[in-house]
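Quick mapping for you: the protein sequence lines, in order, are chains H and R.
The numbering used here puts the last residue of the first sequence at 396; the count rises by one with no breaks.
The numbering used here puts the last residue of the second sequence at 260; the count rises by one with no breaks.
Note that these hints are calculated values from the structure, not bench results.
Each residue gets a CB set at the ideal place from its N, CA and C atoms; glycine is no exception.
Just so you know, not all the hints are guaranteed correct.
[As the list claims (entries may be wrong)] Here are some of the chain H residues that sit facing chain R, going by a computed Cβ distance under 10 Å: (1) Gly66; (2) Gly68; (3) Ala80.
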Amino acid sequence: MSTAGPLPPFDRNDPIGIDDVLSAEEKAIRGAVRNLCETKVQPHIADWFESGVIDDPRALMKEFGGLGLLGMHLEGYGCAGMSAVDYGLACLELEACDSGIRSMVSVQGSLAMFAIWRWGTEEQKQEWLPGMAAGDRIGCFGLTEPDHGSDPGSMRTRAKKDGTDWVLNGRKMWITNGTIADVAVVWAQTDEGIRGFVVPTDTPGFSAPEIKHKMSLRASVTSELVLDDVRLPEEAAFPEVRGLKGPLSCLNEARYGIVWGAMGAARSSFDAALQYTMEREQFGKPIAGFQLTQKKLADMSLELIKGELLALHIGRRKDNGTCRPEHVSYGKLNNVREAIEICRTARTMLGANGISLEFPVIRHANNLESVLTYEGTVEMHTLVVGQALTGEAAFR
Amino acid sequence: MNIVVCVKYVPDAQSDRTFNDSDKTTDRESVDGLLSELDEYAVEEALKLVEAGEGEVTVVTVGPDQAADAVKKALQMGADKAVHISDEAIHGSDAPATSLVLAEAIKKIGSPDLVLCGLASTDGTMSVVPAMLAERLGLPQVTQASELSVEGDAVKIRRDGDVASETIEASLPCLVSVTDQINEPRYPSFKGIMAAKKKPVETWTLADLGVDAGQVGLDNSWTKVLEFTKRPPREQGEIVKDEGDGGSKLAEFLASRKFI
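Can you build the whole structure from these sequences, using the hints too?
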């Protein structure tokens, strides 16, 4: 046993010292995202959530592009070429601000840009990726339909050949960034199975009405995509990929970001609860001094640490090429479930203040209701883990 | 235009800063350090000048091993290269000794067209190193610039005082210190953070500069901290009862503090 010098002080913000295993660059990247969020998003986020409108989403996307956030884990075409852990740290900071803001970045980078980067032709990449990386052009990703969510293979949106053209008809639902998008990656049934199409949103027959009356992800544009005889040239299709492998590969990227992001929402709520309970006095002392409060704080802190370590471990595997889709399911299943629990517990600790937008907790808790089911519901990820453990598929 | 920016690694002002009990020097161990925020304005101004024309920005710092973090931040912001002077013998140096080391380092770097400094460090807050450095380098000094422009071989600055703003001109090469009003320092972008990994950082000792250890350090400094006490708790504010003269009393208070 070595006993070298005095012990480092306990750091409430990093109780077990996870920062020790992050490089200086990783910490710098985290700091850069945190700073951007603090200056450009945090001052407005409660108002955006309350009104259900982001003041100027295009300007915000440009800010994100300027920093290098959009498609940051992709190589080339103006993308920053960072690691999976870098991307995860960025997602955590974005979601510590708001899940809707992290969704805006995830959909742009991990769904729309990744789809084009992974499956697109060289021309499609050259046409779209640099502008999307800079935040000048916004992308969305259309897979889910009004009647087809967990079972996307049964989708009804169809692309038919007409001469050399493709003609798309159908509807997509719950599409982040849809109304403000310049380009939509749309997945549709064809005679050769499911194929992906790069659809400029000014194509006649395409419209993207915004979905209103949400109680979650209110600081996020959510839309329906309506495809009514949308005629596209042959070059609009992704050339090779067929079947669900195409869209699922993209979802796996975005889910990976959620593994980290959810811990951001949880951290923000935990911080709010810790600070509040240390200041709020009842029965003559801070409520943080009561055993029931301390149990909540200790349990929240434990789950936060476990979730962060899980995210970091999966991220390191992703960077060395050993991350399987099941790993991401383990991460998403655990971290979103625990994050929403942390946020709900934080909400109880703030009493009535817990429901006010003056504090972030009810906003995070409500946002995570969406995160819990999008990009694979708890049930689907549970079945993925179940299949991995038993070899038995229980999906149908 | 080649610019040298002097930067300092300081304890984070957000933390509880203190002194070492043993030699009464600043405690740089128990508190995380960073690039002095006031120096970020000097780095930003240098970057803007070079980006508008051509040339190179070199950052220089004097400090312990961890001070490499301060130059790294400047490199991430966009500076081209860095020099870090690190030597046990420098520990405890006061402003005159520090300015000597900086002056010798700048001479070794070459003859910059412009030397930029921040308004003051956020730990020592003495604000004297720029003037001392200019004197040692034999450069004209124009300090506390809230605005800076370069035309031909002259720099023009605006210095804001309590009652007037002065416009001052000096010929290049010269030394300018800048205030926190001059610009809005950029935050490093991801590309900047990645690019900084490949930028050259030279680490020099006193021997590399030809400075004798007997000229610097705590024992050879002109000033020393003899003792320190914790800041007393804040006193209660003054409550002015409005007996018809509340307005004028408030105005008097603000005027006495030079707020109006």
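Consistency of the hints with the structure:
1. This hint holds: Gly66 (chain H) has a C-beta 7 Å from the nearest C-beta of chain R, less than the 10 Å allowed.
2. Hint status for Gly68 (chain H) relative to chain R: holds, with the closest Cβ pair at about 3 Å, below 10 Å.
3. About 4 Å separates the beta-carbon of Ala80 (chain H) from the nearest beta-carbon of chain R, less than 10 Å, and the hint is met.
Of the numbered hints listed earlier, not one is contradicted by the structure.
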